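The C-terminal residue of the sequence shown carries number 171 in my numbering, and the numbering is unbroken.
Everything labelled a hint here was simulated from the structure, so no lab data went into it.
Just so it is clear, the structure is predicted and the values come from calculations on it, not from any experiment.
Every residue, glycine too, gets a C-beta built ideally from N, C-alpha and C.
Hints may contain errors.
Derived BS3-like pairs (lysine-lysine); straight-line CA-CA distance at most 30 Å [unchecked claim]: (1) Lys56 / Lys162; (2) Lys153 / Lys169; (3) Lys153 / Lys124; (4) Lys93 / Lys124; (5) Lys48 / Lys124; (6) Lys37 / Lys102; (7) Lys48 / Lys169; (8) Lys102 / Lys135; (9) Lys25 / Lys14; (10) Lys102 / Lys162; (11) Lys25 / Lys79; (12) Lys56 / Lys37; (13) Lys14 / Lys79; (14) Lys79 / Lys37; (15) Lys162 / Lys25; (16) Lys25 / Lys48; (17) Lys135 / Lys169; (18) Lys153 / Lys93; (19) Lys48 / Lys102; (20) Lys162 / Lys79; (21) Lys102 / Lys56; (22) Lys25 / Lys169; (23) Lys14 / Lys169.
Each pair of labels, with its calculated beta carbon distance range [as the list claims (entries may be wrong)]: (24) Lys162 / Asn73: 14 to 24 Å; (25) Pro88 / Leu126: 28 to 38 Å; (26) Asn127 / Asn60: 12 to 22 Å; (27) Lys162 / Lys56: 13 to 23 Å; (28) Ala76 / Phe140: 18 to 28 Å.
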Amino acid sequence: MDELHENEQYFFEKNTEIRLFNFLKEFENPCLLCAPKMGEIFARNAIKCSILDIDKRFSNISSFQYFDITRPNWIAGNKFGIIFCDPPFFNIKLSQLLRAIKLLSQFDFSQFIFISYLVRRSQKFLNIFNSFNLKPSGFFPIYKYVEKCKRNKIEFYTNLPKELLNRLKIK
1 MDELHENEQY
11 FFEKNTEIRL
21 FNFLKEFENP
31 CLLCAPKMGE
41 IFARNAIKCS
51 ILDIDKRFSN
61 ISSFQYFDIT
71 RPNWIAGNKF
81 GIIFCDPPFF
91 NIKLSQLLRA
101 IKLLSQFDFS
111 QFIFISYLVR
121 RSQKFLNIFN
131 SFNLKPSGFF
141 PIYKYVEKCK
151 RNKIEFYTNL
161 PKELLNRLKI
171 K
């Protein structure tokens, strides 16, 4: 399946996918927000997750639910072990992303979050998400079709305790 660059959709390269899958599968009912390709891997391995995205090409996966982060809707009855998010960086405002994450976390600021963002804009990102107490994780994903250069450097930010983050085996 091709990436939809007009939606700022970029898929991880294989090694990043495998590391993230092995890490995330340990959490009960992970929420995969803006990461439908990761959800596809969970489905292939028959591991429960919630796939929230606007890309209806993934609607054949039973755990897929249409979810627009610019107009988030309440998802009743879902408590996520972790909210994993690989959001678009330019097509949405950080305030919109924050509102979606708050809603999905049921306004529980201790909810585990693992979210990617541009390193060069990290200070603004961390300031906006300060209620979740996010910190740099040290994990820098590699994408199939994102040019490797300083301007495009992406890191995951999280509020996970170090012992859980160590499962990712960050070098």
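Discussion item. Could you work out which of the previously given hints the structure breaks and list their numbers from low to high?
Written reply: Going through the list in order, the structure violates hints 1, 5, 24, 25, 26, 27, 28 and respects the others.
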